[in-house]
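Sequential numbering of the sequence shown, starting at 1, is according to UniProt numbering.
Keep in mind that the hints were calculated from the coordinates and are not lab data.
The beta carbon of each residue, even a glycine, is placed where N, CA and C say it ideally should be.
Mixed in with the good hints, there may be bad ones.
The following label-pair restraints were derived from C-beta to C-beta distances [what the hints assert, rightly or not]:
(1) T57 to K395: 49 to 57 Å
(2) T385 to T313: 35 to 43 Å
(3) D212 to T57: 23 to 31 Å
(4) L32 to Q388: 33 to 41 Å
(5) N36 to A394: 25 to 33 Å
(6) E335 to Q243: 39 to 47 Å
(7) K451 to Q243: 41 to 49 Å
(8) K484 to Y323: 32 to 40 Å
(9) L404 to I379: 41 to 49 Å
(10) I11 to L32: 28 to 36 Å
(11) A394 to K312: 37 to 45 Å
(12) Y459 to T313: 48 to 56 Å
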Amino acid sequence: MKLPVTIKSIIIETVCLLYVLLFVYAALNKLLDFENFQVQLGQSPLLSAFAELVSYTVPAVEFIIAFMLLTVRLRYAGMHAAFSLMVMFTAYIFIMLHFSPFVPCSCGGVLEKLSWNQHLIFNIVFVVLMLIAILLYRTNELPARTLNFKERLTRIGVTMIFSVTVVTVFFLLSEDTIHRSNNFTRRFPHHPTTFKSEIDLQYDSYYIAGYDDEYVYLGNSTAPLTVTMVNIAHQNKKQFVIQLPKYKFSYTAPRLLVKPPYFYFTDGTVPCIFRGSISDWKPSLVMHKKAYFSLIAPVNANKAALRVIGSKTHENVLATIAYTDSLHLNYTMLEKQIDGIFDTDGMLLYNAQLDKILYTYYYRNEFIIANDSLNSYSIGHTIDTTTQAQIKLAKIDSKKITTLAKQPVIVNKKTATYGNYLFVNAALIGKFEPKDMWKQASIIDVYDLVKNTYAFSFYIYDKGGEKMSEFIISNDLVIVLTGKYLTISKLRSDYYVPWNQKKPKQTK
């Protein structure tokens, strides 16, 4: 049955008008809340790497298509352009629902209150409406020559394939850019952690000394020989006093480290390392005066990684020491940019699951992954773009010292590691991030050390207006110390693969 020309015209005019209203309203909505629009794109798993480009392009294209639909001479081309754009929007939502590593809590835009599935249905309806309008378009209004029904279907098919391909390519390129060549765009999955418990420690002088599957071990800066064990499952506490042998040492920087079944009481200014069993908390001296150190990370019962001042260069150097043997230094691992002291300052960790020593710089976007002997290493990069340490030094001749002339730009504040992952408490805001979140939370960036990729980011919220002081990762648990509170959360396994679920094969 053939529809009268007037009915065809009414259908076409109505569909075009609906698209004009939709696109103009959508474009205005984006521009009026442009910062929020960019933030939403920045958090999109599909478009985050191209958020800036897309944020300017989409509203402009929507206005142009609306103009074309209102202009008789450009209408047919505008209908195909509108159809193509709506297919892209639909493909975007479909890929988001079925292939994205996570789905944001809102798809944003004009229909922000709709669920993702409802938005998908809405888009499909509009795609079908424009498809009908294109097929009904009067032949005498078509450009160049009359197209038969088969040719119109071919054009529509080509348009659909082109549109879906564009979105798919964006998705694939965005995934590669985010994970390997990031332009400082973070990816925040929806609720990646689940709160488990909170413990009031009564005092804010605690620090995290170590952990195992059952306990978190806390040291105390005001009572250096006191150890507090907090049961992760039941939140009860036990306290012990380290029975340190009596030596005439002047301790100025004592530090407790627990790596079950052993614990270590250290002071790099003496220098000394005591080692004992957590079964009785009675240590013995295993290293004295072999090397002054500013950082230490026990590797095993007989070996530790250190940061020392090299005698050849008088700069920071990474080293390993076997307690019964000599010191082994690697002079080339830490890269000097300015002075070799302040510019190479950072954090030292040992990853027991991968058997790797990790060093993350404070003032640049780099971390080092080395074997336990420091014989071989590789360089990883955080997603921040700060490659050069931004510090300024001042020499005080009267005291013969060099110090910082002003506060440096910190890139990485704190780190933790477990399994395949490095967790970095970032100090700088990325692209398209809500600034208010930085006032109420700390941002943790997660890196896959095996794949050498950025994985995702998540928030650790402040407690009573106070930022966290320390955090550790125990398999899939995030254990955070904020003031006098110890908070435990669980990482969701769809974003993070716990070590006990999947152990990659390691090559020597």
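Hints, verified against the model:
Our hint of 49 to 57 Å for T57 and K395 holds, since their Cβ atoms are close to 51 Å apart. The given range of 35 to 43 Å is broken by T385 and T313, whose C-beta atoms sit roughly 29 Å from each other. Look at D212 against T57: about 52 Å separates their beta carbons, and that is not inside 23 to 31 Å. The hinted window of 33 to 41 Å between L32 and Q388 holds, with their beta carbons roughly 39 Å apart.
About 42 Å separates the C-beta atoms of N36 and A394, a value inconsistent with the hinted range of 25 to 33 Å. Separation of E335 from Q243 is about 43 Å and conforms to the stated range, judged on CB atoms against 39 to 47 Å. About 45 Å separates the C-beta atoms of K451 and Q243, a value consistent with the hinted range of 41 to 49 Å. At roughly 35 Å, the beta carbons of K484 and Y323 sit within the given window of 32 to 40 Å.
Separated by about 25 Å at the C-beta atoms, L404 and I379 break the suggested range of 41 to 49 Å. Distance hint check for I11 and L32: the Cβ-Cβ separation is about 32 Å, which falls inside the suggested range of 28 to 36 Å. Separation of A394 from K312 is about 25 Å and departs from the stated range, judged on CB atoms against 37 to 45 Å. The hinted range of 48 to 56 Å is not satisfied by Y459 and T313, whose Cβ atoms lie roughly 40 Å apart.
In terms of the numbered hints stated before, the structure departs from hints 2, 3, 5, 9, 11, 12, listed from lowest to highest.
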